[in-house]
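Engineer: Using our numbering, the first residue of the sequence shown is number -15, and each one after it goes up by one.
Please keep in mind that the hints were generated in silico from the structure rather than gathered at the bench. Hints may be right or wrong, so weigh each one.
[What the hints assert, rightly or not] Subject to a maximum C-alpha distance of 30 angstroms in a straight line, what follows is the list of computed BS3-like cross-link-like pairs (lysine-lysine): (1) K(-1) - K122; (2) K45 - K80; (3) K21 - K74; (4) K21 - K80; (5) K80 - K(-1); (6) K21 - K77; (7) K75 - K131; (8) K131 - K45; (9) K77 - K(-1).
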Amino acid sequence: MLDRCGASARKANPKPPVKWAGGKTGLIPQFEPLFPKIEFTLYAEPFVGGGAVFFHLLPPKSILIDSNEELINFYLVVRDNLEELLADLKKHKNTKEHYYSIRALDPQALSPVERASRFLYLNKTAYNGLWRVNSQGKHNVPFGRYKNPKIVDELNLRLVSEALRTAEVLCDDFSRVLDFARAGTFVYLDPPYYPLSDTANFTGYTADAFGARDQERLAGVFRELDRRGCLVMLSNSDTPFIRQLYSGFDIQVVYARRAIN
-15 MLDRCGASAR KANPKPPVKW AGGKTGLIPQ FEPLFPKIEF TLYAEPFVGG
35 GAVFFHLLPP KSILIDSNEE LINFYLVVRD NLEELLADLK KHKNTKEHYY
85 SIRALDPQAL SPVERASRFL YLNKTAYNGL WRVNSQGKHN VPFGRYKNPK
135 IVDELNLRLV SEALRTAEVL CDDFSRVLDF ARAGTFVYLD PPYYPLSDTA
185 NFTGYTADAF GARDQERLAG VFRELDRRGC LVMLSNSDTP FIRQLYSGFD
235 IQVVYARRAI N
């Protein structure tokens, strides 16, 4: 079997290694007909999140960007220091006391491996698998009380590590994609969605909320990518504001149930 870029596909596709609000795993069957039908020279994803599209496509050359420092550090450690991470993950326990002691740690004071271990542990044991931070950037999700959460999926982490070896992974603003994108690049943009209502807003992946001005700035980047001859695909909520921002482009409606990844 060949992937979309002409490279031999791996025996198994990795699953997204973390739970992520707005994860696209369940939408892949609806996305499949919308992906480029031609080979692309580079894949770029400026809001990589859980990486469902990246891990589905497995492109041979990628640029993965996200503004979440914890997430990007995790991906870098999985790619470059997997054995050390697997060893550190063994210390974690599925107890309320251990959870809150790990949550209270300052990630900036930890080594990259310890920081990645903390991130994955909290992601797998927090209530509803939610990664949310307050205005100070501190994780504030309560203990999930799962009976037997699968914190470490070693086989999948090894597949993820292999997939990431062909990717450049960056912690940056989504506009950084403009430094790499050229004609023939496939860019998939999956920003925090514009809220359908005042009570439907969730942008707590980082301490900085993603508001209307960010959506407008993103639309400007989208149009610049299109002008350069990139293959561009974007997901967002179906609202008049978003439709206005992307007027003139092909808009397809897909249906998603609300869940964490």
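Engineer: Hints first: check each against the structure and report whether it holds.
Structural biologist: Structure-based check of all given hints:
Proposed proximity of K(-1) and K122 is supported: the alpha carbons are some 27 angstroms apart, at most 30 angstroms. A distance of roughly 41 angstroms separates the Cα atoms of K45 and K80; the hinted pair therefore is violated under the 30 angstroms criterion. For the suggested pair K21 and K74, the alpha carbons sit about 43 angstroms apart, so the restraint of at most 30 angstroms is broken. Of the pairs offered as hints, the one joining K21 and K80 is violated, with about 48 angstroms between alpha carbons and a cut-off of 30 angstroms exceeded.
A threshold of 30 angstroms between alpha carbons decides the hint, and for K80 with K(-1) the separation of about 27 angstroms falls inside it, so the pair holds. For the suggested pair K21 and K77, the alpha carbons sit about 46 angstroms apart, so the restraint of at most 30 angstroms is broken. For the hint linking K75 to K131, the alpha-carbon distance of about 18 angstroms falls within 30 angstroms, and the restraint holds. For the suggested pair K131 and K45, the alpha carbons sit about 39 angstroms apart, so the restraint of at most 30 angstroms is broken.
Proximity of K77 to K(-1) is assessed by CA-CA distance (about 23 angstroms); at most 30 angstroms being required, the pair is judged to hold.
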